[in-house]
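All chains should be modelled from the sequences, with the hints used to inform the complete structure.
Residue numbers (this note's numbering), protein chains in the order written: chain A, 169 to 777; chain B, 169 to 777.
In short, the hints are calculated from the structure, not lab data. Where hints are given, some of them may not hold.
No copy is singled out in the list; a pair is fine if it fits within one copy or between any two copies.
[To be verified] Quick list of in silico lysine to any residue cross-link-like pairs, SDA-like style, CA-CA up to 20 angstroms:
hint : residue 1 : residue 2
1    : 501       : 747
2    : 664       : 644
3    : 664       : 641
4    : 499       : 274
5    : 664       : 640
6    : 360       : 424
7    : 764       : 754
8    : 192       : 420
9    : 764       : 744
10   : 723       : 605
11   : 742       : 610
12   : 692       : 637
13   : 692       : 658
14   : 776       : 381
15   : 411       : 637
16   : 723       : 233
17   : 654       : 244
18   : 742       : 506
19   : 654       : 695
20   : 764       : 727
21   : 741       : 764
22   : 448       : 225
23   : 776       : 638
24   : 501       : 653
Listed here are the chains, written in short residue letters.
Protein chains: 2
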Amino acid sequence: MTLSAVKRFLIGRPLKSTELGEQKFNKKKALAILSSDALSSVAYGPEQILIVLITISSVALWYSIPIAVAVLFLLTALILSYRQIIFAYPHGGGAYVVAKENLGVNPGLIAGGSLLVDYILTVAVSISAGADAITSAFPVLHEHNVLISCILVAFITIINLRGITESASLLSYPVYLFMLALFILIGVGIYKIVTGAVSSELHTPIGTPVAGISLFLLLRAFASGSSALTGVEAISNAIPNFKAPAPNNAAKTLMAMGALLALLFTGIIFLSYYYGITPKVDETVVSQIAAQTFGRNFLYYFVQVTTALILVLAANTGYSAFPLLAFSLAKDKYIARMFSMRGDRLAYSNGILTLGATSILLIIISNGRTEQLIPLYAVGVFIPFTLSQTGMLVKWFRERPKGWALKLLINFVGALISFMVMMIFFITKFTQVWPVLIFLPIIVIGFHRINRHYEAVGPQLRTTADDPVIPIEGNIIIVPVAGITKVVENSLNYAKSLSVGQIIAVHVSFDKEDEKMFEEKWKKWQPDVRLVTLYSGYRSIIQPLSKFVDIIERKASASNYSVTVLVPQFIPKKPWHNILHNQSSLLIRNFLLYRKNIIVTTVPYQLKE
Amino acid sequence: MTLSAVKRFLIGRPLKSTELGEQKFNKKKALAILSSDALSSVAYGPEQILIVLITISSVALWYSIPIAVAVLFLLTALILSYRQIIFAYPHGGGAYVVAKENLGVNPGLIAGGSLLVDYILTVAVSISAGADAITSAFPVLHEHNVLISCILVAFITIINLRGITESASLLSYPVYLFMLALFILIGVGIYKIVTGAVSSELHTPIGTPVAGISLFLLLRAFASGSSALTGVEAISNAIPNFKAPAPNNAAKTLMAMGALLALLFTGIIFLSYYYGITPKVDETVVSQIAAQTFGRNFLYYFVQVTTALILVLAANTGYSAFPLLAFSLAKDKYIARMFSMRGDRLAYSNGILTLGATSILLIIISNGRTEQLIPLYAVGVFIPFTLSQTGMLVKWFRERPKGWALKLLINFVGALISFMVMMIFFITKFTQVWPVLIFLPIIVIGFHRINRHYEAVGPQLRTTADDPVIPIEGNIIIVPVAGITKVVENSLNYAKSLSVGQIIAVHVSFDKEDEKMFEEKWKKWQPDVRLVTLYSGYRSIIQPLSKFVDIIERKASASNYSVTVLVPQFIPKKPWHNILHNQSSLLIRNFLLYRKNIIVTTVPYQLKE
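Encoded structure:
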């Protein structure tokens, strides 16, 4: 069993179900794993704001400060509202559960559907960005971008199949190193400003009038900056992965993440403003800040390398959240049941594998150019943000627990801003985000169809005393025979052992003379087994055989007989021998397998050489 | 059954075996189909000679005339020797059969193997050349070269699956148009020379001394020119496709092809010499001759278009010869049996499909740049040429029929020249042809391993009176049960109808408490069916189940009992529902299917909704 040895090597020994407790996150690991997506946004969020503002003039760049304040305000609102969600829904599920319970099934499915797609986009976008960073450093590899991305996805998929704590241990170092690098950068930068080492004339003072600025543009810049907030919902989806008491630990992790995100975001925006940095096509804003602060020395490369790493790791947030969301949807029967089963290492392997496969597909289809997907991805985040906040609003209003007015206010502000950001995206970037309006309805309809099917199947499977199965009266066993061989003898031997059956051997011949000869030989060899020969003028085995089986089946079902077709299966000594045999068996089996009343039995015949 | 409708549309209605006679070639069609490869070589063969000579100087170009005489001599020898092969081996098989019967198995397999590979190369090379011609005319398409090649291969594959006469009817027009075009070109060219419209000073007189010419170079030019002879063996492989009397018709077709090839080859070489044409990178020699003869008018484009067409059609020769050669090899058990079966339209579909698939693979791997394969392809032709001529030599010497001395002489000359050309290729182009020395041994070893397997299987399958099968004493039927459902009830109902069996229901549980509850429920529901519950700490169904089956199997085989595992199969109303069910069944089935002593029975359960 080499296959299982490879599996064992890649993902480790299976874990017992009782080991589940040991597979849970402590806060430090959770912070690393679940906030890498949000924190990595610091690497591109501030830049997104500057890119919009620079279209007016470099004078307009001071607007990045008030816009950053607005983003921070939105961040605070989101963190506080998600904190409330964590305590109200300690079993996780995030936006999907909140929206479903308070707003109804469809809003829930819209939230769940857009998050599922979003996690796939997260993985594709951030891995491609990481691959770009690698190939920028090693231009030789540039033409292999797609291949490198796929290898990275495969690597993260395998790491996650090993189970969540193991992936957390391995993947949390780069996250903390990234934070360290940025804090050093911000600290040194501010120190230089305070000590007067940086000219204060590099930037335009705040409040300088700007010709041609418009509200539309400012909103667009704000919306672009808000894309730095994608990923803050991940913790609320993943509460079941926390060590007990899960909600408290999750809430504390969320607050820590919010604080870190706010500090890093503010620091980067402030330095870029003070240094008067303008976005460039071939160098990121963070790289420019680092180069100005340190010069191109070791610290500069430390910032660059950890930034590239965290962009790749942002994908990992998707790997934590996607399987849990899929589990919630599968439990409610909106997606296939297999997403609700834990694999060998206690992770939801099917979710992880699906995420990996779809991301690779997306990377290949877009040929590694995933930048165009970013707005799509951002709008896909603010839809569930809005729905979950609105859901909480409704909940507080309905239940009115102690102190509900403040709670309602927090979620109201969260819902309002999220909705505004979503609308700004739709208005200012419609050409890029319209696909959401097509695929979301398709996904929701798909959820409903799957659900309807599962709901319809339930009663059909239930055993009822008043509708007992009618016992089968007898069996007809059909044995297709190609010649007079040991294989046929073996199959007939088995057929005869099921003594109750009526055995019919069927031979398909392509030649009238051969047919006669075969019949005569058969009579001598198996005089007690009835032989039916079918002449096939078109050299097809399947067609005459399946016609014959149909006729028998019709007669049999009338008198409540079962029909079994025995198909021989060569078991060769070496696997490659399989391509030399079994072609007809495979064809017959696959053709009959989906017939509603035909039982297909595979009788092995072992070859000794 | 949409799939079979598509198949019917693409390849037409199935033909009865008795319609085989109507599917044979008359001479006119055979000439078109089987000589397109050889005739198309006229489009590049003469040029190959000039390319080698021009490396010395344009003075050396007169050597093309004596070299052409040598090529014509080789052509005559080959045609006469293959004519003798046709009459000696009227059932076809060509070089493979001749070499095998007279020289032994390994020379036969070397000849057969190199021809098989060669036909794949023919298709890949000539289709790529055709695609180049198309995209030279429409540069917009240039980046889609590979795709266009693949579509062309698919097209020719489908045409050939429709059966040989249909493909011949459709594909013979371009071949005759090409001949017509070249004859007009040569005729007008000679007329102009005779009437003195062409200056006689464009060329160096024959015999002019050339500085720096060497035997090595002349041999190289001769070998390059001999590549125009690839394809002359096709007719001898395809004799079974001719109308009766097949050998006579094939021989006449071969002679006609030889005459045509000689005329066209001589004409082109003569015109290019007289016009003093030097090979150019961006214009073919034939194009230069046509432009000088006609000017760039309709006739010029007629020559160009028919040349492009015949290059594509050269591939079709491979489609006629490959399946027949594969049939001969399969009949002798050197490749998989499936190559010996005729498809719906009486062509050997598996051979045609294999040829199409491998050519597409080759085109994709080489990214459409197949020029480097040409020398490989030429040497791959002269190996079987040499072997078949040598085989005939041995045959005449052994059998000594009437007039054997002349026959022997013809084949001796053929063998000698073929061998020389082959050696010239190895000596002058070793850097390009060395892969032959690696893949040919691999192929021959592969043939032997397949043969050894089939030969070993034969006796194992033969029924013998002194080694009767021991009747099975009884049956143990294992029914894996997931829950108490109608599906299980249905399977048990079938199991019980096989009254001889001992039934064991097996339940795999992931939780000790669930296990107890299940056992109690079962006792009430099916008190007479023995239930075994297996606790799976690792949440795997397969592992404990297969361990259990193994234990039962060991006990059973000791007392000559059979072990049958019943696997339920949901038959949903809509095909897409399959992904929502059957995952566990599929897993169990595939896991047990290749166990040597386990009989796997699939019991369908039809869902009503």
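Evaluation of the provided hints:
In this homomeric assembly, residue 501 and residue 747 come within 20 angstroms of each other (Cα to Cα) only across copies, at 13 angstroms, whereas the closest approach inside a single copy is 40 angstroms. Taking the shortest Cα distances, residue 664 and residue 644 sit within 20 angstroms of each other both inside one copy (11 angstroms) and across copies (15 angstroms). Taking CA atoms no more than 20 angstroms apart as the test, residue 664 paired with residue 641 passes in both settings, with 17 angstroms inside one copy and 10 angstroms between copies. Proximity of residue 499 to residue 274 under the C-alpha cut-off of 20 angstroms is restricted to the intra-copy arrangement: shortest distance 16 angstroms within a copy versus 63 angstroms between copies.
In this assembly of identical chains, the alpha carbons of residue 664 and residue 640 lie at most 20 angstroms apart whether taken from the same copy (18 angstroms) or from different copies (8 angstroms). When the C-alpha separation of residue 360 and residue 424 is checked against a cutoff of 20 angstroms, the pair qualifies neither within a copy, at 27 angstroms, nor between copies, at 92 angstroms. In this assembly of identical chains, the alpha carbons of residue 764 and residue 754 lie at most 20 angstroms apart whether taken from the same copy (18 angstroms) or from different copies (17 angstroms). With identical chains, the CA atoms of residue 192 and residue 420 are at most 20 angstroms apart within one copy only, with a shortest distance of 16 angstroms there and 83 angstroms across copies.
Taking the shortest alpha-carbon separations for residue 764 and residue 744, only the inter-copy value of 16 angstroms comes in at or below 20 angstroms, while the best intra-copy value is 33 angstroms. For the homomeric pair residue 723 and residue 605, neither the shortest alpha-carbon distance inside one copy (53 angstroms) nor that between copies (62 angstroms) is at most 20 angstroms. Taking the shortest alpha-carbon separations for residue 742 and residue 610, only the inter-copy value of 18 angstroms comes in at or below 20 angstroms, while the best intra-copy value is 47 angstroms. Taking the closest pair of Cα atoms, residue 692 and residue 637 come within 20 angstroms of each other only across two copies (17 angstroms); inside a single copy the shortest separation is 42 angstroms, beyond that limit.
When the C-alpha separation of residue 692 and residue 658 is checked against a cutoff of 20 angstroms, the pair qualifies only within one copy, where the shortest distance is 17 angstroms, while the shortest distance between copies is 39 angstroms. For the identical chains of this complex, residue 776 and residue 381 are neighbours neither inside a copy (84 angstroms) nor across copies (64 angstroms), given an alpha-carbon limit of 20 angstroms. Taking identical chains as interchangeable, the C-alpha atoms of residue 411 and residue 637 are never at most 20 angstroms apart, the minima being 48 angstroms within one chain and 62 angstroms between chains. Proximity of residue 723 and residue 233 under a CA criterion of 20 angstroms is satisfied in neither setting, with 83 angstroms inside one chain copy and 79 angstroms between copies.
When the C-alpha separation of residue 654 and residue 244 is checked against a cutoff of 20 angstroms, the pair qualifies neither within a copy, at 77 angstroms, nor between copies, at 54 angstroms. In this homomeric assembly, residue 742 and residue 506 come within 20 angstroms of each other (Cα to Cα) only across copies, at 19 angstroms, whereas the closest approach inside a single copy is 33 angstroms. Only within a single protomer do residue 654 and residue 695 lie at most 20 angstroms apart by alpha-carbon distance; the minimum there is 16 angstroms, versus 40 angstroms between protomers. Only within a single protomer do residue 764 and residue 727 lie at most 20 angstroms apart by alpha-carbon distance; the minimum there is 17 angstroms, versus 35 angstroms between protomers.
In this homomeric assembly, residue 741 and residue 764 come within 20 angstroms of each other (Cα to Cα) only across copies, at 10 angstroms, whereas the closest approach inside a single copy is 34 angstroms. For a Cα distance limit of 20 angstroms, the shortest separation of residue 448 from residue 225 inside one copy, 14 angstroms, qualifies, whereas the shortest one across copies, 56 angstroms, does not. Within a single copy, residue 776 and residue 638 get their C-alpha atoms only as close as 43 angstroms, which misses the 20 angstroms cut-off; across copies the closest is 17 angstroms, which meets it. Proximity of residue 501 to residue 653 under the C-alpha cut-off of 20 angstroms is restricted to the inter-copy arrangement: shortest distance 18 angstroms between copies versus 50 angstroms within a copy.
Checked against the numbered hints listed earlier, the structure breaks hints 6, 10, 14, 15, 16, 17; every other hint is satisfied.
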